[in-house]
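The lines below spell out each chain.
Number of protein chains: 2
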Amino acid sequence: MNVQQLRAEFDALTERYEGFKRQNLALNMARGKPAPEQLDLSAPLLEALPAGSLAPSGRPLDSAGEDTRNYGKLLGIPEARVLMGALLGVPASAATSEVLVGGNSSLTLMYDTVARAVLFGVRGFKPWSRLPGVKFLCPAPGYDRHFAITEGFGIKNIEVPMTPSGPDMDIVERHVQTDPSVKGIWCVPKYSNPQGVTYSDETVRRFAALRPAAGDFRIFWDNAYAVHDLEEPGDELLDLRSACLEAGNPDLYYMFASTSKITFAGGGISALATSPANLTEAAGHLERQSIGPDKVNQLRHVAFLRDLDGIREQMRRHAALIAPKFRVVLSTLERELNGLGIARWTQPRGGYFISFDGLSGTAKRTAELAREAGVVLTGAGATFPYGSDHHDTNIRVAPTYPSLEELAVASELFCVCARKAALEKLR
Amino acid sequence: MNVQQLRAEFDALTERYEGFKRQNLALNMARGKPAPEQLDLSAPLLEALPAGSLAPSGRPLDSAGEDTRNYGKLLGIPEARVLMGALLGVPASAATSEVLVGGNSSLTLMYDTVARAVLFGVRGFKPWSRLPGVKFLCPAPGYDRHFAITEGFGIKNIEVPMTPSGPDMDIVERHVQTDPSVKGIWCVPKYSNPQGVTYSDETVRRFAALRPAAGDFRIFWDNAYAVHDLEEPGDELLDLRSACLEAGNPDLYYMFASTSKITFAGGGISALATSPANLTEAAGHLERQSIGPDKVNQLRHVAFLRDLDGIREQMRRHAALIAPKFRVVLSTLERELNGLGIARWTQPRGGYFISFDGLSGTAKRTAELAREAGVVLTGAGATFPYGSDHHDTNIRVAPTYPSLEELAVASELFCVCARKAALEKLR
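Heads up: the sequence lines are chains A and B, in that order.
In terms of the numbering used here, the first sequence has 247 at position 247, counting the first letter as 1, and numbering is strictly consecutive.
In terms of the numbering used here, the second sequence has 424 at position 424, counting the first letter as 1, and numbering is strictly consecutive.
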């Protein structure tokens with residue numbers, strides 16, 4: 001395009017943009033929030049505990065015959081440990097020694113796991129608070145709340161590039177195997193936040209085969225989207241636990257999951273799965289921190305979800321609600337931006353996000369334009385450690401919360417903002 | 001008694017003791033556990049959320065119109081903050097700035113509050129982990145789980161004697177006002193664990209008027225038994241918050257409570273109340289630790305308990321179940337031990353425990369004898385920092401969990417054990 005054409009194009013976009021502004025929109029595509037209709041899928045959790053989950057006495061006992069309403073069971077009720085273990089690939093026979101089921105926030109399990117390492121150290125190694133410098137690897141773009149945990153403890157977050165098969169393992173191996181101050185890595189191994197990438201088998205095997213320079217290095221494997229397929233069949237993630245056992249690295253990982261996006265984001269249950277030795281260590285500290293988790297809610301969840309098949313059924317109902325939302329956003333991106341050479345984006349097969357990369361130096365401006373027109377996006381840069389996206393290109397788009405109609409408008413506006421920001425840059 | 005009489009007495013007791021042993025008892029008076037009948041009082045929490053607590057849409061929205069099933073509300077839903085604030089003496093108008101409502105374990109709120117001070121420091125003061133030595137005052141006998149928290153962080157627990165009006169305030173003042181390494185004190189101000197002592201107005205005022213040598217000293221005020229009266233009217237505890245405000249010490253305290261012994265020990269809600277400045281500081285860290293508490297359970301609790309009057313009604317139902325249990329134990333102690341000069345015990349008007357002091361050097365032996373005959377008591381010494389009861393006299397008796405019939409047997413056996421241990425000592 002020549003200068004005049006660019007100007008005409010810019011004026012046309014500006015007119016469209018002003019049209020959106022006049023609509024006084026108030027939409028949010030910032031966070032991976034389930035829509036109200038998704039939450040309605042778990043209505044039985046608001047109903048009476050079904051008779052089948054009560055003992056003959058009418059009391060809510062767990063499978064060991066203990067009262068879920070009373071104190072105890074620091075690591076959760078047996079049937080919930082089996083259920084959440086299944087979600088994380090732990091066989092039922094190992095649930096008692098490898099799975100902890102906690103309250104509604106798996107972020108708390110992650111934070112507390114890092115906090116224990118900082119305060120008390122991992123398996124006899126020095127507490128991280130007593131070391132001159134501790135580093136964590138942060139595949140980026142990634143999940144801002146992960147990066148915030150380690151940043152909050154004064155741990156240095158090191159950016160590692162993501163590839164279509166997971167974190168760049170050459171770089172991961174170099175850091176982990178040569179630098180004893182590298183103590184952990186944040187991973188969302190299936191339908192990664194925000195790209196929707198599922199780590200390849202080779203990536204998982206290379207993780208399992210790491211020979212860390214630090215004996216207290218751990219993989220923080222947040223399998224937040226373990227069953228969150230948008231299409232069938234969903235991606236298959238190689239089982240990290242088995243791979244670590246095979247590689248002779250049984251203690252290398254902490255795996256996390258929750259039902260936040262299976263049942264209620266504000267009333268689910270969470271899990272940590274790790275080796276028996278790691279779990280015993282965590283339980284030793286947890287004993288001082290808690291009188292036990294909310295076991296009644298664990299019983300509710302088992303009564304509702306039953307088993308992994310029950311979870312998969314529930315996830316198909318979620319997919320029926322949110323897959324069309326992803327399609328609206330993706331088809332709008334396609335229609336508005338394809339072939340312009342100013343953007344690329346991911347086509348996730350699961351998870352909660354689309355990762356969008358605009359022209360270098362336009363992400364912040366795009367988000368600003370959208371916000372001024374009433375559409376909130378994840379803060380540009382938020383997907384990078386310290387909020388610093390060096391090229392200012394990445395925006396995480398979260399299509400689940402708004403309605404289909406709202407998404408059609410919001411994603412068109414988003415495209416107009418991205419084009420306008422690109423033209424401003426090119427002028 | 002002469003030697004022969006002592007021998008006869010000892011033989012008679014041994015015969016009674018062996019009689020108990022032959023009954024193969026398996027009773028537990030160790031922990032302050034609600035009985036199943038008490039848990040049944042909160043049956044509505046296992047039922048459907050009442051229609052009155054749902055929005056016209058049928059969805060469980062909080063009083064601000066936000067969906068309790070979704071993410072957010074890091075400090076809890078407004079109506080739960082008002083309810084738990086009322087329990088802790090915080091006016092509804094201040095709930096938003098002074099009350100946090102969390103998950104089911106107030107112990108977790110206490111642990112995390114200490115952990116934040118250790119890791120990050122309090123209001124700009126150095127993190128406790130970077131100080132050469134940190135001390136906490138522990139009124140004793142007291143609650144073993146409190147002492148375990150600070151012990152676990154390597155904080156030095158300093159024993160302070162309890163009096164019938166609370167901790168010995170001369171000693172508290174001396175430590176707090178002269179030693180900058182004293183950073184906190186553990187208090188159960190109403191129906192203290194295990195004595196059942198309610199701190200006098202003067203004690204509370206002296207707490208509020210403390211002029212700590214350390215700017216980051218805080219009172220950890222665990223009002224676990226705020227409404228747990230056994231008789232009416234219950235004890236009145238002076239409001240620490242008002243007293244601190246009057247004394248110009250608004251930031252001096254963290255107050256804690258939970259519904260563990262109001263609704264479900266394994267499925268209740270908990271609260272922290274403190275000054276706006278302290279709460280803002282805590283929230284800043286909590287933001288990294290949690291995506292918000294289980295708000296659905298908070299809504300359930302508000303629907304069931306409604307307000308402070310609703311809580312008081314519920315507590316009268318609890319008292320109707322457990323006051324007779326305390327009477328059985330107390331009347332057995334009276335019958336078996338009164339006038340012998342080998343024991344004294346408290347007559348609590350609320351709370352969960354009777355504090356028993358036997359002859360010096362007999363507590364461990366008494367607990368051992370009881371255990372061998374099938375009755376588990378709180379480990380002798382557990383009520384002191386580091387489990388160390390220098391005179392080996394104190395045993396905490398928890399009458400709530402066993403049935404009345406079981407308690408009659410268990411408390412008689414307990415007395416026989418205490419007498420036998422005393423005679424063994426005297427011989």
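Hints are not guaranteed to be accurate.
It does not matter which identical chain is used: a pair holds within one copy or between any two.
Stated by the list, open to error - Straight line, CA to CA, 25 Å or less: simulated SDA-like cross-link-like pairs of lysine to any residue:
(1) 156 / 309
(2) 126 / 336
(3) 135 / 285
(4) 425 / 316
(5) 21 / 349
(6) 126 / 151
(7) 135 / 288
(8) 364 / 303
(9) 156 / 287
(10) 126 / 288
(11) 135 / 173
(12) 420 / 277
(13) 156 / 4
(14) 364 / 31
(15) 135 / 424
(16) 156 / 127
(17) 156 / 125
(18) 420 / 50
Source of the hints: derived by calculation from the structure; they are not laboratory data.
Legend entry - Numbers of unmet hints, in rising order: 1, 2, 4, 5, 8, 12, 13, 15, 18
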